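Novice: Could you fit the two chains together into a complex? Lean on the hints.
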Amino acid sequence: MSIEANKATVRRLYDAFWNAEQLDVADTLFHPDYVFDEGYGAGAPSVKAMKEGNRFWHRVLPDIHFTIEDMIAEGDTVVARWTARGAHQGDWEMELGTIPASGQATTTPGTSSYYLHDGKIIRDENHIDFVSLLKQIGARIETSEAKELPKGGRP
Amino acid sequence: MTTEQRNGVTGIAETTIAAFNTSDWAQFRAVLAPDVIYQETGTGRRAESADAYLHLVQAWKQAFPDATGTIRNVVAQGNTVVHEVEWAGTQTGDMPTPAGVLPASGKQIAVLASLWYTIQDDTIQEVHHHLDIMTMMAQLGAIPAAG
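So the sequence lines, in the order shown, correspond to chains S and A. One rule links them: number in my numbering = place in the first sequence (from 1) + 67. One rule links them: number in my numbering = place in the second sequence (from 1) + 36.
So that you can see chain A by itself, here it is in the shape it has in the complex (with noise of 0.2 Å):
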């Protein structure tokens, strides 16, 4: 893979990952392909086009206004680039969860998670957000802390 190569597929992901930061959805919607499929882990929901991966992604915006993702770290090969990110944010929403609704509670969360992206011709044809939802209900609140 050259630098031109890789830089091409990581500046594709990476461009989710901003435009959901400043909540430019027409950024996020311009790097999907129109039958991306998106799998999320911790809440098994899926969207098979961009405009059910967008409702989606606006839902957590809807839960945490505040939130953001911050990347730690890029591993690239082929077309598929892997996200470790920090997704970090407070409450103010209600959200959905396995074990029902949660209320807003005003705490704020710091979750890491994983994005695997498959990219051709420019555009992320699917991801795989692996979502540890286990530890962002515990800083909610709703369940213990692991111990």
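Extracted from the complex, chain S is given alone in its bound form (with noise of 0.2 Å):
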């Protein structure tokens, strides 16, 4: 696939997927095989796990937005550098408890790269800045006794 094609594809994942949250759109994006990393918390091998992420952020940030601020593609690679936006409106729950809503506007920076195979994407990896999140829904990072913290979910 062209790099163009690539672009649209992941420009797709935003809008229609995240932004739109047309959860079927996901099957015509992701490569059957399709595995991810967002590194600390949770990983979703598959589809199916990716529509639920999906649906876990936007009960924690109904109005959760993604803006690109950039994108670059080479080959079957296309990174982009993101920005989500949304309201902390939704209780957060993780393994070690509950965030409750908070209703604190959130901005999170964010970059993900995304392996394509056959124009589809089989792989990403993303590095969200989580820590920047909590703290502006008000958790606390305590390095003595690690109370609210996250074990999972992701964008």
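Be aware that one or more of the hints could be misleading.
[What the hints assert, rightly or not] Below, computed lysine-lysine pairings styled on BS3-like, alpha-carbon distance capped at 30 Å:
#1 S:K74 to A:K97
#2 S:K202 to A:K97
#3 S:K118 to S:K74
#4 S:K187 to S:K74
#5 S:K202 to S:K118
#6 A:K97 to A:K143
[Claimed, not checked] Facing chain A, from chain S, some residues (calculated, C-beta under 7 Å):
#7 S113
#8 I135
#9 I139
#10 D143
#11 T144
#12 R148
#13 M161
#14 P176
#15 H194
#16 D196
#17 F197
None of these hints come from the bench; they were simulated from the model. Quick caveat, the model's predicted, so the values are computed rather than measured. Quick reminder that beta carbons are idealized off the backbone N, C-alpha and C, glycines included.
Specialist: Here it is as structure tokens:
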């Protein structure tokens, strides 16, 4: 696939799948063997899990909106730098407990690398500023007694 | 983008990793614009000059004197280069974190990051460093590891 076609696929991921909550579009954008890694937190080794992740984040940040700040591509790799904005209006449930909805507006930067195969995303790697997000919603990161800390969840 | 153009911008970006690995700060500074902008997510730190950027980078080396970066993948288009990097090292120095200063732990880290470089006139104008601070803090024992 051309670089521009690959970039269009990734752009549609943000515009349709995330911002418009069109979950079924994932079936056309992701390869059946898709896996992803977002660093700290649980991974989602399937397209089904990716959809669950979408539902999760729209529960926690119902108006979540991704803005692509920059995107480049080379070969079958597309990398995007983005900003996610949304109000913390849903409880963030995690293994260590729950961060109740704070109502705080949040702005979270991140970057994602997408590897495509036959025009579909087969793997991605994400670096998300969870620290900033947690601080914005009032969670305290304590190094002595780590309490309000995420063990999962991802955009 | 011609091969020559690509090699030009990727070579400039790679210079910073090589210079960091050997603590060659003169080499590091040589490819920076004097008013380079550096943004580091996870820590929220920002620098708006080559001196300030170097200060932040050197602080990492003080916390992890044996730290090195390994470039896992390079993507380049136009005057933008993205590195996927793995940072590894041993924390033998105090490290400022969003939760306070972590005293030297003697523990090793291996964390992934992305660095976005904007290059113009053969110098780096802007860097966005997306660093997995949560994983780093977990590896240092400061917070629980992800389940």
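Novice: Run every hint past the structure and note whether it holds.
Specialist: Hint-by-hint comparison with the structure:
A hinted pair counts as satisfied when its Cα atoms are at most 30 Å apart, and K74 (chain S) with K97 (chain A) does not qualify at roughly 36 Å. Distance hint between K202 (chain S) and K97 (chain A) is fulfilled; the C-alpha atoms sit about 26 Å from each other, no more than 30 Å. Between the alpha carbons of K118 (chain S) and K74 (chain S) the distance comes to roughly 21 Å, so the proposed pair stays at or under 30 Å and holds. At roughly 11 Å between alpha-carbon atoms, K187 (chain S) and K74 (chain S) fall within 30 Å of each other, so this suggested pair holds.
Distance check on the hinted pair: K202 (chain S) and K118 (chain S) sit about 26 Å apart at the alpha-carbon level, within 30 Å; holds. The suggested pairing of K97 (chain A) with K143 (chain A) holds, with an alpha-carbon distance near 15 Å, which does not exceed 30 Å. A distance limit of 7 Å between C-beta atoms decides the matter here; for S113 (chain S) the minimum to chain A is near 18 Å, and the interface restraint is violated. At its closest, the beta carbon of I135 (chain S) sits 13 Å from a beta carbon of chain A; the interface hint therefore is violated under the 7 Å criterion.
Here the hint on I139 (chain S) is kept, as its CB sits about 4 Å from the closest CB of chain A, short of 7 Å. Checking D143 (chain S) against chain A: minimum C-beta separation of about 10 Å lies over 7 Å; hint violated. Here the hint on T144 (chain S) is kept, as its CB sits about 5 Å from the closest CB of chain A, short of 7 Å. The restraint placing R148 (chain S) at the interface with chain A holds, with a minimum CB-CB distance near 6 Å, inside the 7 Å limit.
Checking M161 (chain S) against chain A: minimum C-beta separation of about 9 Å lies over 7 Å; hint violated. Checking P176 (chain S) against chain A: minimum C-beta separation of about 5 Å stays under 7 Å; hint holds. Using the Cβ-Cβ criterion of 7 Å, the hint placing H194 (chain S) at the interface with chain A is satisfied: the shortest such distance is roughly 4 Å. A hinted interface residue such as D196 (chain S) counts as satisfied when its beta carbon comes closer than 7 Å to some beta carbon of chain A; here the least separation is about 4 Å, so the hint holds.
Given the 7 Å rule on beta carbons, the hint for F197 (chain S) holds: about 5 Å separates it from the nearest Cβ of chain A.
Checked against the numbered hints given earlier, this structure breaks hints 1, 7, 8, 10 and 13; the rest are met.
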